[in-house]
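Heads up, the sequence shown is in numbering that gives the first Met the number 0, so the first residue is 0 and it goes up one at a time.
Note that these hints are calculated values from the structure, not bench results.
As the structure is a prediction and not an experimental result, all values here were calculated from the model.
Built from N, CA and C at the ideal position, the CB exists for glycine as well.
Careful: at least some of the hints might be erroneous.
Label pairs and their calculated CB-CB ranges [claimed, not checked]:
id, residue 1, residue 2, range
1, R39, L244, 50 to 56 Å
2, V186, R94, 43 to 49 Å
3, L193, A235, 22 to 28 Å
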Amino acid sequence: MYLGAALAVGLFDVLTPTAVALLRLLGAAAVLLAWRRPGRAAWRGARLARAVVFGLATALMNLAFYEAIARLPLGTAVAIEFCGPVAVAAVASRRPRDVAAVVLAALGVLLIADVRWSGSPSGVLWALAAAAMWAAYILLGKRVASAGNGLDDMAVGFAVAAVVLSPLLLLGGPDGLGALGDPAVLVLAVGVGLLSTVVPYVLDQLVLRRVGQARFAVLLALLPVTATVVGLVALAQVPGTVEALGIAAVIAAVALRSRDGDGPAVPDPR
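Construct the entire structure; sequences and hints are all you get.
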């Protein structure tokens with residue numbers, strides 16, 4: 000996911016972050032539709048509505064995230080964004096160990112973030128918006144996965160979201176889309192879609208069918224760690240001592256939460 004994000008940062012020189020996020024969505028939708036070829040039932044009724052809401056939440060999460068990493072270091076943006084999964088885990092917790100793991104993960108995220116509001120308030124706000132959408136992604140993704148047709152519904156949801164949100168490509172004006180005539184830019188955009196959307200979200204659907212929302216949310220604590228490492232290697236964003244302590248806290252939270260079973264899965268609100 001964050002190798003794709005590192006590629007996306009490189010595209011910000013020629014396209015707006017919103018345009019890159021939408022191209023990622025379009026590329027992912029095209030790949031998923033060609034692979035899954037959802038049947039007619041996937042495009043009707045409650046199943047379609049559920050898929051579209053999930054697709055829109057995912058698209059808005061990615062859009063807000065790209066706007067955030069255009070203003071903040073990758074690891075910092077992901078750490079703030081992780082407030083969403085932490086909130087889901089906290090609400091869904093049932094045992095003292097769950098609460099301890101969530102507190103430890105939250106502490107690690109705060110250490111990793113080390114954000115100065117005066118530095119980039121818009122970046123922080125975009126990251127917080129991404130956090131809210133990430134929480135929605137977990138909750139909606141569980142419902143889509145539990146319905147038994149997660150990959151097909153994801154393809155449909157992404158396709159509809161791509162169409163609905165495509166006018167946002169013009170926010171930077173028609174001149175801002177001139178880079179789309181460059182085949183290298185289009186190849187990179189498809190690569191971002193594959194790395195950041197198709198592969199990780201397909202794996203998410205497989206995992207969400209097997210574990211509860213609480214465990215899934217805490218396991219996502221590995222993502223700030225991954226983002227920090229990728230930011231260091233690919234973007235030369237060197238973490239300080241505080242961030243290193245945060246990484247250790249996040250790993251400890253994952254280890255604590257994963258020592259035994261997931262416990263009862265969060266009931267489907269339907």
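Cross-check of the supplied hints:
1. R39 x L244: 50 to 56 Å: Because 53 Å falls inside the window, the suggested range holds.
2. V186 x R94: 43 to 49 Å: Holds: the Cβ-Cβ distance is about 48 Å, inside 43 to 49 Å.
3. L193 x A235: 22 to 28 Å: holds, 24 Å
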